[in-house]
Amino acid sequence: MNRRKAEKELRALLGDLSAKDTSRLGLDDDLVRELGLDSLAGLRLLAGVEKRFGVCFPDERIGEFRTLGQLLEMIEEPEEEP
Amino acid sequence: MRIGLIAMSGVRVRTPELAELGVTLPQFVNRGKVIASLPSLGLLTVAGLTPDDIDVAYREIADVDPAAELEEFDLVGISSYSAQVDEAYALADRYRAAGVPVVLGGLHVSLMPDEAAAHADSVVRNGAEGAWPRLLQDFRQGRLQPRYEGLRAGVFEEPNYSRPRFDLLKGRPYNRITVQTSRGCPLNCEFCAASLRITSSFQQKSVEKTVAEIRAALDATEHPFFELADDNTFINKKWGKEFLRAIIPLGINWFTETDISVAEDEELLDLLAKSGCRQILIGLESPDREDLAGVDPGNWKRKHSDQYLEGIQRIQSRGVSVNGCFILGLDGQTKETFPRLKEFVDRAGLLEVQITVLTPFPGTPLYERMRREGVLLKERYWDRCTLFDVNYRPKGMTVKELEEGMRWLFSEIYNEREYTRRKRRYMEIVKERL
Numbered sequence: 001m002n003r004r005k006a007e008k009e010l011r012a013l014l015g016d017l018s019a020k021d022t023s024r025l026g027l028d029d030d031l032v033r034e035l036g037l038d039s040l041a042g043l044r045l046l047a048g049v050e051k052r053f054g055v056c057f058p059d060e061r062i063g064e065f066r067t068l069g070q071l072l073e074m075i076e077e078p079e080e081e082p
Numbered sequence: 001m002r003i004g005l006i007a008m009s010g011v012r013v014r015t016p017e018l019a020e021l022g023v024t025l026p027q028f029v030n031r032g033k034v035i036a037s038l039p040s041l042g043l044l045t046v047a048g049l050t051p052d053d054i055d056v057a058y059r060e061i062a063d064v065d066p067a068a069e070l071e072e073f074d075l076v077g078i079s080s081y082s083a084q085v086d087e088a089y090a091l092a093d094r095y096r097a098a099g100v101p102v103v104l105g106g107l108h109v110s111l112m113p114d115e116a117a118a119h120a121d122s123v124v125r126n127g128a129e130g131a132w133p134r135l136l137q138d139f140r141q142g143r144l145q146p147r148y149e150g151l152r153a154g155v156f157e158e159p160n161y162s163r164p165r166f167d168l169l170k171g172r173p174y175n176r177i178t179v180q181t182s183r184g185c186p187l188n189c190e191f192c193a194a195s196l197r198i199t200s201s202f203q204q205k206s207v208e209k210t211v212a213e214i215r216a217a218l219d220a221t222e223h224p225f226f227e228l229a230d231d232n233t234f235i236n237k238k239w240g241k242e243f244l245r246a247i248i249p250l251g252i253n254w255f256t257e258t259d260i261s262v263a264e265d266e267e268l269l270d271l272l273a274k275s276g277c278r279q280i281l282i283g284l285e286s287p288d289r290e291d292l293a294g295v296d297p298g299n300w301k302r303k304h305s306d307q308y309l310e311g312i313q314r315i316q317s318r319g320v321s322v323n324g325c326f327i328l329g330l331d332g333q334t335k336e337t338f339p340r341l342k343e344f345v346d347r348a349g350l351l352e353v354q355i356t357v358l359t360p361f362p363g364t365p366l367y368e369r370m371r372r373e374g375v376l377l378k379e380r381y382w383d384r385c386t387l388f389d390v391n392y393r394p395k396g397m398t399v400k401e402l403e404e405g406m407r408w409l410f411s412e413i414y415n416e417r418e419y420t421r422r423k424r425r426y427m428e429i430v431k432e433r434l
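As given, the protein sequences belong to chains A and B, one line each in that order.
Under our numbering, the first residue of the first sequence is numbered 1, with each subsequent residue one higher.
Under our numbering, the first residue of the second sequence is numbered 1, with each subsequent residue one higher.
Read the hints as simulated data drawn from the structure, not as lab findings.
Be aware that a few hints might be false.
[Said to hold, decoys possible] The calculated lysine-lysine pairs, modelled on DSS-like cross-linking and capped at a C-alpha distance of 27 Å, are: (1) Lys209/B with Lys170/B; (2) Lys431/B with Lys8/A; (3) Lys20/A with Lys8/A; (4) Lys20/A with Lys51/A; (5) Lys378/B with Lys395/B; (6) Lys238/B with Lys209/B; (7) Lys241/B with Lys8/A; (8) Lys51/A with Lys274/B; (9) Lys400/B with Lys335/B; (10) Lys395/B with Lys335/B; (11) Lys238/B with Lys303/B; (12) Lys342/B with Lys378/B; (13) Lys274/B with Lys20/A; (14) Lys20/A with Lys209/B; (15) Lys303/B with Lys342/B; (16) Lys237/B with Lys303/B; (17) Lys20/A with Lys241/B; (18) Lys237/B with Lys209/B; (19) Lys237/B with Lys274/B; (20) Lys51/A with Lys431/B; (21) Lys5/A with Lys431/B; (22) Lys20/A with Lys170/B; (23) Lys20/A with Lys431/B; (24) Lys5/A with Lys20/A; (25) Lys431/B with Lys274/B; (26) Lys303/B with Lys170/B; (27) Lys342/B with Lys395/B; (28) Lys335/B with Lys303/B; (29) Lys8/A with Lys51/A; (30) Lys335/B with Lys274/B.
Construct the entire structure; sequences and hints are all you get.
Structural data, given as structure tokens:
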């Protein structure tokens, strides 16, 4: 999937989850702060990304994904399973 | 006239070893921190009961520098938890020394009014409804009375009810806002120091009033996560479903406290998920049925304990996480309880766990019983009512064994590995539902 399409789908997913307009969200904006996501909402977002894009976030790094840009990088370059 | 309403609601663990654990395993005090950072709904309600011609300033403990000059008010109202009450008294003493009349209220003060009276010009017991408007009238006429009894029933009915002043929170960095849908709980657990102590029976707010409050809070704060400040939100399932249907269009996320019986009602569970409920806290108290004998007078929890495992699974399958709440030091518990509790948490797949020590809050039936039995370690220990400090001699183990067992459990349950496991479990549940 190309980056542009992935970004569009990610924004839609974020919009569904937060019930907020995500069209102006910057790639480096903190999702928790900008969308008022609580920790559980953050986990639901990651679960949604995993299911939609067929990726698997490493458990020990779950807390590190806080921006649209970071999520896009993860979608583009999923880590190899050991 | 300008009134200052000051909330003193911080909590600090006193036992040094526990305080140290709090640094290395921060998740174990997460819930305490959340509670301490919530705005004082009681004082916002007091503000709501104040006539419009009086200027109200809402302050919190963090706003009050003990070394700084006192902010000027014509009258000060202070509310506090037990753990912080001595600091509240000290602040009250300072204001009174400066010639500013002080009113003390809240749960601790309601249960210990004589103690509080030594630091106040007036003490308000129970809810502010029915007391605060009279108090202000008397104050304006220069005849403030030493004691006012608030209502214990009909608090959500007209003309007693007033919407809390959420607008006073504008510009403050809250990410959680409390709204109350009820006061009291018919389970009447012996240890409970919540609103049931200031009500004569279960009080239910109407769905219309509750929704209006949520809307007012949404107007005042940005992206708030709502926390229902109830003892037990879903006592009345019919009301519960009506309420949940009404908040679905608001698109909010929220948390509340209730009991395991919600798991028996599939329709209610579906509505919880649809309405944005993200977590419910359930006082499971102990993994062992026999430990629950006498926890509540009707032994409701003991009778329902065999539903715990299936109930947790059913609730969490909806994407609503369960914060399982356990109490250490119950009469039936021994050293063997600690590993059994750890095993139960693993088996139940609980997504969040809250472990506290049995705490005889002053004025509760538990406190009265322990005082009669002579097992309290000190006569006055309010600053240690933190839910983590041990203040009595337990029946089935020594104080040291209880403290050590608690620390062992904390390190077993609140470490990074377990936390990560719980997060992953939650994500997998969510994925199944997508």
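> Which of the numbered hints above does this structure break?
Replying inline: 7, 12, 26, 30
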